[in-house]
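Please build the complete structure, drawing on both the sequences and the hints.
As numbered in the numbering used here, residues 330 to 657 make up the sequence shown, in order.
The set of hints was computed from the structure by calculation and includes no laboratory data. Do not rely on the hints blindly, as some may be mistaken.
[To be verified] Each computed DMTMM-like pair below joins lysine to aspartate or glutamate, with the alpha-carbon atoms no more than 20 Å apart:
| id | residue 1 | residue 2 |
| --- | --- | --- |
| 1 | 586 | 413 |
| 2 | 542 | 346 |
| 3 | 375 | 401 |
| 4 | 600 | 348 |
| 5 | 339 | 547 |
| 6 | 581 | 423 |
| 7 | 586 | 560 |
| 8 | 483 | 547 |
| 9 | 586 | 608 |
| 10 | 339 | 413 |
| 11 | 516 | 478 |
| 12 | 553 | 538 |
| 13 | 581 | 547 |
| 14 | 513 | 538 |
| 15 | 543 | 560 |
| 16 | 483 | 471 |
| 17 | 542 | 348 |
[Said to hold, decoys possible] Have a look at the derived ranges for each label pair, beta carbon to beta carbon:
| id | residue 1 | residue 2 | range |
| --- | --- | --- | --- |
| 18 | 569 | 435 | 24 to 30 Å |
| 19 | 449 | 423 | 19 to 25 Å |
| 20 | 349 | 614 | 18 to 24 Å |
| 21 | 435 | 581 | 24 to 30 Å |
Just so it is clear, the structure is predicted and the values come from calculations on it, not from any experiment. All C-beta atoms in this analysis are idealised placements derived from N, C-alpha and C, irrespective of residue type, glycine included.
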Amino acid sequence: MGGAPCYSGKNDNEICDPDVDECINTDSICRQINGTGDYKCFPKLKLNDTCTIPGNTECLLNLVCTGLRTCEDVEFLGLGEICERTDDCTSPLECVNNNCTMLGAQCTSMTCPYNQYCEPNNRICQPRIALGQLCEYQDVCERGLSCSDGICVKPFSVAIAEDCSGLYTCQYNQTEYCNENTDKCTKYAASTNPDCSVNACINSLEYCDCSSKKCVNELFITPKCQGATNELNRCLFQFYTCPNVYNTYSSKSCQMKNCFQQTRSQFIYCKEYSGYYSEAVFGKYPGNPYVTPSPTPTTTSSEEVPSSSSNLSILFLLTLLCILILIL
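Listed below in structure tokens is the structure:
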């Protein structure tokens, strides 16, 4: 078996290959040097910086490169949300009477009411499909459900060896994932290649790290990822019914205003650090970025909170120390 192309981390201003390298700085990107064929890691563009590629490729995670070619905090509101200007609303919605409104007859994935989807053939909003019903793709299921093997299912509910499709469908708390080669839930087993540049990684979720020559999993198939994802879904779809928006990670979006900690935890516990996490948006990454983090996610904080038993142990030791001092 031949070796896999290896991926390496590059510091800012280092030459990089956009196909195989990641920038070590969470808020940097491997992009072309003006007027040359070379690429370097550069910090992503900040608010009001000039950009060239529409979307959020060049800008920080919470900004969008607009038609004016500047990075702006726009498109963070969805259908029915209160707005001040049309740029606040996710395109093609418009701000009418301080309300993000769909003016055209035909819908898009961003313009239907909360529990409806845009039927792709006639472009009309239709009710989303309930648990256990047939589906063709992800967007047709009720919010918080997944379309797996043509059926709307709860996330992480498909058992081992059963048919599956997509992420977050198999039981991560049993370290099972949807194997894209077999389309069945499979027990995750990390590649044990001594040198993946010689023998390629056997797992489709892994890539070959240049520095260690080891296979690295870019998606964490763990109970912590399952717990963090379920907490985020509860926040988004049970407590706040957040609408679809383009600029999800704007500080002004429903998701970030109401579910910031859950969103941050889902990034930390489910996705390999490089290329995903943004310290500009979520704050400093807890611990070594290239090691699976250890804190347990909660709905209030992404940092580990000492248990009550730990606090009692500390109190006992302090009391014992005071007694010894009095005796002496």
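Consistency of the hints with the structure:
1. 586 <-> 413: holds (17 Å)
2. 542 <-> 346: holds (18 Å)
3. 375 <-> 401: holds (8 Å)
4. 600 <-> 348: holds (19 Å)
5. 339 <-> 547: holds (17 Å)
6. 581 <-> 423: Holds - the C-alpha atoms of residue 423 and residue 581 are around 17 Å apart, at most 20 Å.
7. 586 <-> 560: holds (15 Å)
8. 483 <-> 547: Violated. Residue 483 to residue 547 sits at ~23 Å, over the 20 Å cutoff.
9. 586 <-> 608: At roughly 17 Å apart (the allowed maximum being 20 Å), residue 608 and residue 586 satisfy the hint.
10. 339 <-> 413: violated (41 Å)
11. 516 <-> 478: holds (18 Å)
12. 553 <-> 538: violated (24 Å)
13. 581 <-> 547: violated (29 Å)
14. 513 <-> 538: violated (27 Å)
15. 543 <-> 560: violated (32 Å)
16. 483 <-> 471: Given that 20 Å is the threshold and the Cα spacing comes to 10 Å, the pair holds.
17. 542 <-> 348: holds (17 Å)
18. 569 <-> 435: 24 to 30 Å: About 28 Å separates the Cβ atoms of residue 569 and residue 435, which means 24 to 30 Å holds.
19. 449 <-> 423: 19 to 25 Å: holds (22 Å)
20. 349 <-> 614: 18 to 24 Å: holds (22 Å)
21. 435 <-> 581: 24 to 30 Å: holds (27 Å)
The structure does not agree with the numbered hints 8, 10, 12, 13, 14, 15 stated previously, though it agrees with the rest.
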